Structure formats: structure tokens, C-alpha cells
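Q: Now for the letters of each chain:
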Amino acid sequence: MWAKIEVVPSDREIIYLPESLSTEADSSRSIEVKFGGKTATAKILYTDDLKLEKGSFENPGKIRLSNKLKDKLLIPESLVYRIVITDTCISIGPVIGLLLGVHTHRYNPRHMKKYSDRLGIYNKVGGLIYAFSPKSVNWNRNSAYGLYYNIATASWEYGCFPLPDVIYRRDFHSSPKHIDKLMDFTGGRLFNSYRFSKYQMYEAVKQNNELSKYLPPTDLSLNFEQVKKFIDSHSKVILKPIDLSRGRGICIIEKIDDAYKVTDYRYKNPVVSVLHDNESLREFFANNPNLFNRYLIQKYLSLARIGNSLFDIRVVMQKRPDHTWGCTGIECRVSNSNSHLTNISRGGYALTLEEALYRAFAEDCELLSQEINEFCQKFCSYMDKMGEHFAEFGMDIAVDTEKNIWLIEANVFPSFKGFKIMDRQTYLSIRYTPLLYALSLTEFGDGL
Amino acid sequence: MVGILCNAKKERAYTKRLYALFKPLIKGKGISIMVMSLGNISIPERTAVGSIITEDKITPVKTALPSLIFNFARQRTRSDIKKMRSLMEVEGIRIVNGVNQYNQWSIMEMLISSRKTRKYVLPYIHYDKEDLYFDFTKVGNFLVKPEKGASPGRIIYGRQSDVGFDLFGEHGSMRCHRFDIQSVIHPAMRGKRWLLLKTPDLVAYRNRLFIIRACLFRTYDGEWKVLQRTIIPHGERVYDKLGRKIDAYAKRIIKCIECYIPDLGIGYVDFVLDRHGISYFLSFGGWDSKLLSKKQNRKVRIALCRNILEYAEMFTSGQLDI
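Here the protein sequences line up with chains A and B, keeping their order.
Heads up, the first sequence is in my numbering, so the first residue is 1 and it goes up one at a time.
Heads up, the second sequence is in my numbering, so the first residue is 1001 and it goes up one at a time.
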């Protein structure tokens, strides 16, 4: 049932329901009213000027709350809610939280605008959707200060709200202690609960025989001897920082006879240098000791090309409201012709999978598409067994000249810039899916 | 050990001043104070180079980062801001006042979200400098201030008169025709975003806008105490009935802001007054560097340091949760 809330003054906790819901046994009884992490006992009064049927977002019914009850439950008035009534409880909701990081001073209505396009689906979700920092949680009161989306004004506004039914994690710099506490509070309904670093992801996938064959040879970059051995055995390698994304901090080294060609993307413009012997290579690493600090070294794959450009495939896997994994978007990111980096943020551009594969191999590649899809499904199912709650992965897949597929990385917090430019409908669908999934985890999600 | 983070340029001066202030306070308590600047902190190593103040001396050291750090600096450059953010993300380190300069628009949005504080906020809109045809006469008396920061020197107050406006700024007041107003105020408006507040007839003092600043600190038990209140920029004290009102309003305001920015430990609230003596919120900032200046009342400085120590003692004993 959908309803709007009207607040009336009273110093008692009262909920007013339509007369049509009353039975004789109901007269003057009390009931629990639940809103997110807040519960209050309220007296039910029936009145014939209210209406509450199945309704819809566009055509909601109406219930009335005393201001004392409204203040106790911390319910914003301007929203449209879903209502579930049982014999013992009236639940109002859903309350969905977007978990931000620790930089509380930055979270203002302007910062939150980037989340507004997700709210295009608000009419299917309803309730309270708000963003908060783990630092602004009041555990004594089961509440949090944050910013909620006010559908009436289409803007984000500050306020104090009950802890959410479901939490969609949007930042990965918070203390694990806080995350565990929120995970417990929501009964495990905090999704995207953990972000693997590139190497942790590699180690996790390596444990699985079926999936590990899709991993390129990878190691932690620890010291010169080990890195040199890796370069000598694979001829061309890529060094990547464990914690960075968007092509930042990358360095590519290729062995050509006795010399080494280094293409360094750690600078604004890539720097190419040729090191003529082992000693020069040693000197290079001695001058760049941070390449042994939280870096991994990976075999540089001989990737398929579109013309002169490299490409990789970004597959967005998301959990759907029926709790199964589905591919909600695939894009191919093509590098600038002289670059090794396909990231859109580094000058790459996007193509559809079909177009990219056709242009790369000049033939229909339906089987390859199917293999990519199957691999991604298997990967997500495997990740579900890791003891965390995942609902979203951006998987970077590469295809080599032999049409083998490789998992480059999988990120729980991917960016969707390519989709935004290439296919706005897909982009929006990717944005909406986590909110629909969040709704499906609540008692209001039946019939999705 | 308590860390005090300050700007590199002030590190030496702060070390000396803090030594003089803390010396009698830390006697026999076994607490030391480390003064450092952001540039001398290594986040991967979790170490810092700085000066340790103990009860009998100042020692230059390289040591592990203190688990409690008070930020007395304003990070201005992009790299410093980024580094400060990384420092705030380090597990097991509590930073008090991670930021000292706030977006005033956000602050006002916070204040209007609460019934207790919205009455102090004047009506505001974003003011676009590109809008050369903006008609100030439709607003009446106004204030323009940058969205970022709380420097009173950058605030311009326009009081409507018969022909135009009397403008009160950093360098005193001047009369200006209503058609000339943009050409007068725009050169003083640096930075991208500005706010325009519609005001009643505000009190001016010595040819400038009369601003009262209340500086507050949070005690270890979460209460806010007013350290002092002064008139900006002259530094005179505000006493009596008005002062008590200002104290109460400032506490209400900072308690509201603290809900959204929980790492606040020290802050100031600036108020303006109308002709009837009603106070309105003007701006909010974190650490006010004048608090440690030599001109400052010693009692105020001592109270500040004492509070830092009490806070540190509670923190060390595990009674303050990270």
C-alpha cells in the first residue's frame, strides 16, 4: 500500500487509519509502528476521512500521525511511503541508506546531486532514501544525521533519520568496526560490504580452479630481482598500484633484446624511455622505489585491437530484485591509438560489445559474447561465497588476439562514464538496479 | 601524546607559544604535546617529524603519529587538502577539526533543517557575479559573502538609502548609486561562488559591519563552552545580557553543525545584529588562529590548552570512542 503522511498535533503517540481497516476487536488498541530502525507503540484511531488501498506512488492513500509519534519515528512528512500492516505491526518505509565516507564536511546538497539520477526510479521505490556517514550515527538512538532526497522539491536536504532497513555502501574508507556494526544492525542487509584490492581479488579468484584460468600471470611487486625475473619470463609487463583505479599510476615495461622500454603513465603525459641494459633497469627501480610499495606486476597481454587501438570490456554485473546476478550493461572501451590505457578518463572512448568484437575480428562473435557472460555469472556466484554481501561488480575483461578472455580486474565501486555517453537508458538502468535490489531486501519489496 | 597540526610557517612560533602555555599544565601528568605540520607527516609510514613539548623542554623528533591530533591549520593547496583527507582516513587516529574552513551555504542548509536554529538564518540565495542586471533594490538591505570560508574581511553589507546603498566592507564604508553597485562590489569578490543574504537594517560600528564572534570548544564530555566573544575586527569584549544571548545562540548553532560534522572540537560563530538587537548567524569557522596570538588574553589561551589536555586524558584512558 502506498500512502502519504499527514501530521496532527497531539502529545500522545497516535496513528490514524481509515475506518475501513477497523474490526470490532480493534477498538482502542495499541500497535507497534516501525520506521527503519525506529519502533514506537501507538494507539490506533480510526477515522472515515482517510483512505488506504493498494494505491500507487501517483495515487497514494493517506494516514495520519500525531506529531509526537512522527518526532519519535523521525519520519519526514513530504515523502510517499509504502505501508505494510500485520496484526501486530504497521511498517512504514522503506528506509534505504547510502553509506558515505568519513569526510562529513563535504556531504552537502551539491555533493549529493550526483546521486539524483538514481532517484528517477523513486516512484517504484518510495519511502526515505538518505545518505549518511558512519561518523554521524547515534547508536544510542538508532539514528543518523544525513541528507535525504525530498521528492517534493527534487533536492537533498539535511535531517535526522532512523537507521536504515538496507544500506548501499558508497565509500570504502570507513572503519571496518563501523561497517560490522551497521552490518549487524541491518541483519546483513548492507551491500557492497567490502572492496577487494586488485591483489586480494586476484588471490581470491586464484583459489577457484575454473576461474583461475582467466587470470593473467600476476604477482606482487616486491623487489628488483623478482620483478626483473617476471619481466624476463613474460617479455612485457604492466605494473599497477593495488589501490588506485582509472589508469592512475600505471607503468609498462617491455623487454626488447637486451634493452627495456618503459612507458610510464604516472605522469600527466606518459613518459617513454629506453633503458639499454640491466643496470639501467636497476637504476630505474632504485629511483622509483614506490613501484615496490603496494604495486602488482602482471603479464601484459597481447590484446585484440581495433585498428591501432587496444580495447577492453567493462561488464556491469548487478543483483536484480529477484536476487540473481544479471548483466545490466556491457561496453567496450577503446584506447587512443597511441595509448595503452583504455580508461575513458584517460582519453578512451566507448563502443558496444558487438561493434567492438566485429571491428576487432571482422566476424560475428556471438560465442565469445556468450563466454564472457557465462564467465561473469560464474565469477559473481563465486564471490557470493566469500562471506560478504555483494550486489554490484564492474568487471574489466580483455580479449587477446587468440580470442581468449582474461579477467583484468573486478571492482565493487565501478564508474559508468562510458554508458552515460553511449547509452543513457542503460546508464540509468545501472543506476536504478541497486535501489530496486535494496527495496527487494525489505518487507516492502514483495511483487517487484 | 597529543598532536597539534599547524601550518609549516607557524610551526616554530606555535611550538614556542604552546610550550609556554602547556609547561605548567602538563607537569606531573606524563602527557607530551607534539607540534607538526602536514608536510612533515608520512602517512604510509605513520610517522611525523616535529617538536615534542614535555614539561621541561622542546625536543625535535621523528616519531609515530599521535593517535589524537588537533588540527590548528587551514589546508589551502590541493595537495594539502588531499593529504589531509588521507590522514582523516587512517584507522586508529582521531583528528579533531579535520577541516577548519567550511562551505557557508552547507552550514546554512544545516541550520535551516533544524527548528531550533533556523530562526538565526537570514534568507539567502546564490549570487551570480555574471548577472550584471541583478537589481539590488528589490532585495533591500543585503549582505554578500563568499560561499567558502568565514573571513569577515570579505563580507560586504549594503544598506539601502535614498539614492542607492551605503556599502560597508573591509576598508570602511562608502555611498554608492544603485546603478553602480555591481561595479563597486564585483572587484572585491574573488572566488567562484557567492551568497546574497537579505537582511534587516544591521548595526554598523566604526564604519564597519558590527560582527560578534563567539569562540567555542567542546569539552571531553561533549558539552560546548564559550571560550570568549569579541567584536570583529577590533577585539573588544562583549559583556552582559547580549553576551549571554550570543553564548546561548552560538551553542545551539554549533550543536546543530556538530550533528553533521562530528569531528568538531573548536569553532567560532559570527553574528550580526539588527537595530533591535536581534542576532543573526553570519558565518561559521573551525580553528581561529587569533586564539593563540600573543595579543590574546592569557586566560583564554590557558583555558584552551587545559581543555586539550582534559580531552587527551579521557582519550588516552579509552573513555572517548574513536
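Since the hints were made in silico from the structure, they are not lab data.
Here the structure is a predicted model, which is why all the values come from computation and not from measurement.
Check the hints yourself; a few may be wrong.
No more than 25 Å apart at the CA atoms, straight line, and that leaves these computed lysine-lysine pairs for DSS-like [unchecked claim]:
| # | chain 1 | residue 1 | chain 2 | residue 2 |
| --- | --- | --- | --- | --- |
| 1 | B | K1010 | B | K1116 |
| 2 | B | K1027 | B | K1148 |
| 3 | A | K113 | B | K1290 |
| 4 | A | K135 | B | K1062 |
| 5 | B | K1082 | A | K177 |
| 6 | A | K177 | B | K1251 |
| 7 | A | K68 | B | K1129 |
| 8 | A | K113 | B | K1251 |
| 9 | A | K72 | B | K1083 |
| 10 | A | K72 | B | K1116 |
These stretches of chain A come out as covered by chain B in the derived footprint (C-beta under 8 Å, 3 or more residues) [said to hold, decoys possible]:
| # | stretch |
| --- | --- |
| 11 | 154-164 |
| 12 | 381-387 |
Glycine included, every Cβ here is placed at the ideal spot set by N, Cα and C.
Q: Work down the list of hints and note, for each, if the structure agrees.
A: For each hint, the structure was consulted:
With a CA separation close to 38 Å, the supplied pair B:K1010 and B:K1116 exceeds the 25 Å bound. Distance hint between B:K1027 and B:K1148 is unfulfilled; the C-alpha atoms sit about 41 Å from each other, more than 25 Å. Restraint check for A:K113 and B:K1290: not satisfied, since their Cα atoms lie roughly 36 Å apart, outside the 25 Å limit. Between A:K135 and B:K1062, the direct Cα distance comes to roughly 30 Å. Violation of the 25 Å bound is thereby established for this hinted pair.
Straight-line distance between C-alpha atoms of B:K1082 and A:K177 comes to about 24 Å, which keeps the hinted pair within the 25 Å bound. Proximity of A:K177 to B:K1251 is assessed by CA-CA distance (about 31 Å); at most 25 Å being required, the pair is judged violated. Distance check on the hinted pair: A:K68 and B:K1129 sit about 45 Å apart at the alpha-carbon level, beyond 25 Å; violated. Note on A:K113 and B:K1251: the hinted pairing is violated, with a Cα-Cα distance of about 30 Å set against a maximum of 25 Å.
A hinted pair counts as satisfied when its Cα atoms are at most 25 Å apart, and A:K72 with B:K1083 does not qualify at roughly 41 Å. A hinted pair counts as satisfied when its Cα atoms are at most 25 Å apart, and A:K72 with B:K1116 qualifies at roughly 17 Å. For the stretch 154-164 of chain A, the proposed coverage by chain B is satisfied: 4 residues have a C-beta within less than 8 Å of a C-beta in that chain, meeting the threshold of three. Closer than 8 Å: that is the beta-carbon criterion, and the stretch 381-387 of chain A has 0 residues meeting it against chain B, so the requirement of 3 is violated.
Hint violations for this structure: numbers 1, 2, 3, 4, 6, 7, 8, 9 and 12, all remaining hints satisfied.
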